[in-house]
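These protein sequence lines are chains A and B, in that order.
Going by the numbering used here, the residue at position 121 of the first sequence is 121; the numbering climbs one at a time, nothing skipped.
One gets the numbering used here by counting positions in the second sequence from 1 and adding 169 to each.
Hints in this document: simulated from the structure, not taken from any laboratory.
Since the structure is predicted, the reported quantities are computational estimates derived from the model, not experimental observations.
Incorrect hints may have been included.
No more than 20 Å apart at the CA atoms, straight line, and that leaves these computed lysine to aspartate or glutamate pairs for DMTMM-like [claimed, not checked]:
1. K332/B with D82/A
2. K165/A with D503/B
3. K377/B with D365/B
As a plain string of letters, each chain reads:
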Amino acid sequence: MPQPTDLLFYAFAGLTLMFGFLCVANPLSRNPVTSAMFLVLTIVSMAGLFVLLNAFFLAAVQILVYAGAVMVLFLFVIMLLDLQEEERRRLNRVALGLGGVAILGLAGILVRAMTSGTAEGVGTPAVEGSTAELGRILFRSYLLPFEIVSVLLLVAMVGVILLSKKELK
Amino acid sequence: MIEELLSQPAVQFAVFSTVKIAVVFAVVMTFVAYAVLVERKVSAFIQDRVGPNRTAPPLALKVPVLGRLLQSWGMFQPMADGLKFMLKEDFTPSYVRKVYFWLAPAITVIPAFLTLCVIPFGSRLGGQKMVIADLDVGILYTFGIVSLGVYGIVLAGYASNSKYPFLGGIRSSAQMISYEIAMGMSVVTLFLIVGDLNLSRVIEWQAKNGWLVLYQPVSFVIFLVAAFAETNRLPFDLPESETELVGGYHTEYSSMKFALFFLGEYANMIASAAMMVTLFFGGWTLPFLGTPAEGLLGGLFHIGVFIAKMVVLMVVFIWVRWMLPRFRYDQLMDLGWRRFIPLALVNIVATALAVAAFN
Chain A
1 MPQPTDLLFY AFAGLTLMFG FLCVANPLSR NPVTSAMFLV LTIVSMAGLF
51 VLLNAFFLAA VQILVYAGAV MVLFLFVIML LDLQEEERRR LNRVALGLGG
101 VAILGLAGIL VRAMTSGTAE GVGTPAVEGS TAELGRILFR SYLLPFEIVS
151 VLLLVAMVGV ILLSKKELK
Chain B
170 MIEELLSQPA VQFAVFSTVK IAVVFAVVMT FVAYAVLVER KVSAFIQDRV
220 GPNRTAPPLA LKVPVLGRLL QSWGMFQPMA DGLKFMLKED FTPSYVRKVY
270 FWLAPAITVI PAFLTLCVIP FGSRLGGQKM VIADLDVGIL YTFGIVSLGV
320 YGIVLAGYAS NSKYPFLGGI RSSAQMISYE IAMGMSVVTL FLIVGDLNLS
370 RVIEWQAKNG WLVLYQPVSF VIFLVAAFAE TNRLPFDLPE SETELVGGYH
420 TEYSSMKFAL FFLGEYANMI ASAAMMVTLF FGGWTLPFLG TPAEGLLGGL
470 FHIGVFIAKM VVLMVVFIWV RWMLPRFRYD QLMDLGWRRF IPLALVNIVA
520 TALAVAAFN
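Start from the sequences, fold in the hints, and give me the full structure.
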């Protein structure tokens with residue numbers, strides 16, 4: 001008999017896939033705002049998957065950062081630029097090919113992870129919800145990658161400010 | 170059969186949670202109705218008027234003394250207001266984007282209520298913890314939900330498909346994103362001191378060591394001002410400033426749909442007042458009374474303490490609205506980005522150093 005959490009997993013996974021599909025290829029609407037809203041729903045359903053993994057911190061941050069901040073900015077820009085409905089374009093062969101390669105690569109990694117991993121320790125994730133524990137791991141074991149990512153974000157920010165300044169003195 | 174079912178912990182949890190949700194929802198709805206009355210009475214007091222003092226159902230006036238007294242306090246006004254909202258014509262202009270026009274009011278109201286479910290509004294009532302969801306990431310959950318609240322307003326502006334609501338929506342999204350950062354940074358210091366994100370744990374700490382507002386007055390000021398900006402209230406009500414934008418993002422809305430925006434604003438106010446009580450003013454504890462209640466009476470008393478503190482903060486919200494003029498938009502952004510964010514950052518560094526020194 002399936003556990004309730006299993007059913008929830010399938011529900012959230014299904015919703016994530018469905019909303020993701022509707023975000024990129026909505027048959028009913030070509031409206032950019034609709035796409036953005038479906039992306040928000042995709043992110044929220046993914047947060048549901050994180051909760052099922054007991055990663056409450058990640059779930060909260062996922063909603064806070066992506067759904068709450070990044071997507072609001074997306075919406076802001078879409079509305080500010082007053083983007084109209086996009087016309088349907090022909091499929092770009094090169095883009096299609098590159099996309100296919102990316103999907104195959106990701107699928108390969110997933111399959112390898114699923115076949116090589118043992119069943120042990122799957123039920124209890126290493127970082128279980130505890131925010132303090134996650135912080136300790138980030139700032140002890142993964143300090144260098146963490147700091148490099150921060151610097152990367154800073155570089156992006158400085159770049160944006162430089163690009164958006166009209167005239168340089 | 171029923172007893173057996175009730176003895177299961179999962180069923181018990183479901184039953185108690187449902188009851189708690191129903192009660193909290195009912196209390197908040199009542200609070201919203203009477204907050205509007207208090208708003209009107211306080212504004213009348215500040216502007217040297219009388220305020221609502223006429224509305225009363227005919228039967229109530231038959232009650233000697235009390236009927237007249239309640240009438241002069243305007244206690245029946247919220248009922249009349251509610252009835253008016255329900256009976257007005259629900260008009261949908263022909264040029265709006267229908268789906269979003271219908272969704273936006275709902276998206277505004279739901280987050281306002283969702284934030285309330287992690288707030289511990291009392292200690293214990295007969296073995297039950299007085300909080301709907303005792304989450305370990307408490308505050309992050311609240312900020313996540315609050316950040317979703319902006320969608321309702323942005324979508325209302327977009328759906329209305331006319332100039333003034335659109336400008337209101339744009340203004341509000343910029344304002345809410347800006348002040349969310351300052352707000353989030355201001356509470357970081359609290360968790361540096363307490364060492365836990367769980368709101369029940371934050372209250373326990375305050376019961377032992379005193380209210381956090383005494384340790385972090387700067388954080389409190391930033392949080393308070395950001396709360397005004399997040400709830401779109403004066404002096405930061407630029408998204409709906411009547412003199413420039415007619416009614417801002419809800420210009421095209423009427424009847425119950427408008428009432429939902431109204432409800433959302435007041436529910437947000439209640440949520441931020443409750444949040445401030447929990448974070449800065451010790452929640453349900455009093456300086457001499459910090460242990461969870463044993464009996465029913467003590468539990469009810471703790472809930473009363475929480476509500477009393479909340480009411481004081483809500484009166485502050487209302488008071489400020491009628492005392493200060495509106496900011497200009499550039500002043501608003503300047504205050505958010507160039508004053509509060511650096512101040513909050515300095516505060517975080519100073520607190521971190523102090524915590525490190527004392528440990």
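Results of checking the hints against the structure:
Our distance criterion of 20 Å between C-alpha atoms is met by K332/B and D82/A, whose separation comes to about 12 Å. A distance of roughly 18 Å separates the Cα atoms of K165/A and D503/B; the hinted pair therefore holds under the 20 Å criterion. Pair hint K377/B plus D365/B holds up; C-alpha atoms about 15 Å apart against a cutoff of 20 Å.
When the structure is compared with the earlier hints, no violation turns up for any of them.
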